[in-house]
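Residue numbers (this note's numbering), protein chains in the order written: chain A, 1 to 221; chain B, 1 to 228.
Careful: at least some of the hints might be erroneous.
[To be verified] Straight-line alpha carbon distances no greater than 25 Å define the calculated SDA-like cross-link-like pairs of lysine to any residue that follow:
id : chain 1 : residue 1 : chain 2 : residue 2
1  : A       : Lys2      : B       : Arg28
2  : A       : Lys2      : B       : Lys121
3  : B       : Lys121    : B       : Ser159
[Stated by the list, open to error] Residues of chain A clear of chain B, computed beta-carbon distances all greater than 12 Å:
id : residue
4  : Leu14
5  : Gln18
6  : Glu68
7  : Gln82
8  : Leu90
9  : Ile167
10 : Val171
11 : Ala211
12 : Leu220
13 : Glu221
I should point out that these hints are in silico values taken from the structure, not numbers from a laboratory.
In this text, all values refer to a predicted model and were calculated from it rather than measured experimentally.
Even glycine gets a Cβ: it sits at the ideal position worked out from N, Cα and C.
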Amino acid sequence: MKALTLILGREIRLALRQIGDSAIIVLFFVLAAVLFPFGVGPEPNMLARMAPGGVWVTALLAAMLSFERLFTPDYEDGSLEQLALGPAPLEMVALAKAAAHWLTTGLPLMIAAPLIAVLYRLPDAGYGALLITMALGTPTISLIGTIGAALTLGSRRGGVLLSLLVIPLIVPVLIFGTAAIDAAIGGFPVRQHLMLMGGFLLGALVLTPLATAAALCQALE
Amino acid sequence: MVKSRQLGQVAVTMRFFGENLSCIRGERLVFSELDFAIEPGAALVLTGSNGSGKTSLLRVMAGLTRPSAGQLGWQDGPITDDPETHHSRLHYVGHLDALKPVLSVRENLATWSHLHGGPDKKITSALKKLRLEGFENIPGRYLSAGQRRRLSLARLVASDAPLWLLDEPTIALDAPSVDAVRSLIAEHRRNGGMAVIATNVDLGIADTSELNLLDFAAANEDIWEGVT
Chain A
1 MKALTLILGR EIRLALRQIG DSAIIVLFFV LAAVLFPFGV GPEPNMLARM APGGVWVTAL
61 LAAMLSFERL FTPDYEDGSL EQLALGPAPL EMVALAKAAA HWLTTGLPLM IAAPLIAVLY
121 RLPDAGYGAL LITMALGTPT ISLIGTIGAA LTLGSRRGGV LLSLLVIPLI VPVLIFGTAA
181 IDAAIGGFPV RQHLMLMGGF LLGALVLTPL ATAAALCQAL E
Chain B
1 MVKSRQLGQV AVTMRFFGEN LSCIRGERLV FSELDFAIEP GAALVLTGSN GSGKTSLLRV
61 MAGLTRPSAG QLGWQDGPIT DDPETHHSRL HYVGHLDALK PVLSVRENLA TWSHLHGGPD
121 KKITSALKKL RLEGFENIPG RYLSAGQRRR LSLARLVASD APLWLLDEPT IALDAPSVDA
181 VRSLIAEHRR NGGMAVIATN VDLGIADTSE LNLLDFAAAN EDIWEGVT
């Protein structure tokens, strides 16, 4: 547990020193989201209709950009070896990395999401659901992203491969995330969507550190 | 003082050994049927030409690479039972410095030292021993190759571990720093520590046993014959 907080502290310190890396992800999120109205036209009803999907899809794409930086610098400079040789099991390292990724990428995306939603004229009833689905979905994405990042370590063109590996796994988050917001806007119950998303998060919390640790072990050999 | 007493107590039963080790990298059998054993206060020097498997053996010893055959043991038990415990009793200084350009010298060292449970005051003394005092607050990206190496070596003394695995520890170091490393290893051994050092240069360390990896190089031509 002490190792978890130490690694988390290190990651956050590194992220703060290289704040540009996180800022670029959020900037990409905003830019990609802003492009949609140019493409589909500024008609308010149309934008409101596509708001939940637009926000979620662009958030996922932005997150996708950040995964490559998750383990690669540590792998290249030998830090990953030292983390593996630390007293904490690799599963713990994987969990700490995912937590740090969420704090430095998922959380900023979550904060930016309502602002993007304003641009899309998301109906008022949708904001609560948007925030809750983001809160449940972004940690799941961070966790699943660690698997992809660990699996593609050391491979050339890892970024594309990473997207191919990760995107199918996070499709359920996208489906239920947007469905919950749509349900909230339409006045339907959102509970079951949120419970499913909570289930994904809990499942990812337990399973992804195991998979990531196995992949990291493989990368270090 | 505390360190030497603690290490001294366990020294009676401590022994690190490998039996019948083989390592395959890519499709090449790097070494095979390799045995070694090392006891408190001893130093094992790995020699052999480039590519003979010194680094591979060190990584096997550290538990980073699994041996293709054979096993490693600590005291009388195999280390595969509990890799985390094995990791907590060793320091591995490899070719990569594990140094972050955006963190200061002190922060870089503190990261690894704290992870291994080292106290803060040891960080200061470790920096002093590796002649890095005065550089504490300099970001890692401004360090020279030799200074990076020294910071990497400072991990050895910033937290206690009975087993040191060093891969070409004196590369890029100036003469006074080589002396400093030599005396660190000597002090470590006096306190009952063990050291395994892979090197191609004579470090001038007294009373070592030598393991030449070329003696365990396998006849590579044969191993994949019949495997298609």
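For which of the previously enumerated hints does the structure constitute a violation, in increasing order of number?
Hints 1, 4, 5, 7, 8, 12 and 13 contradicted; others consistent.
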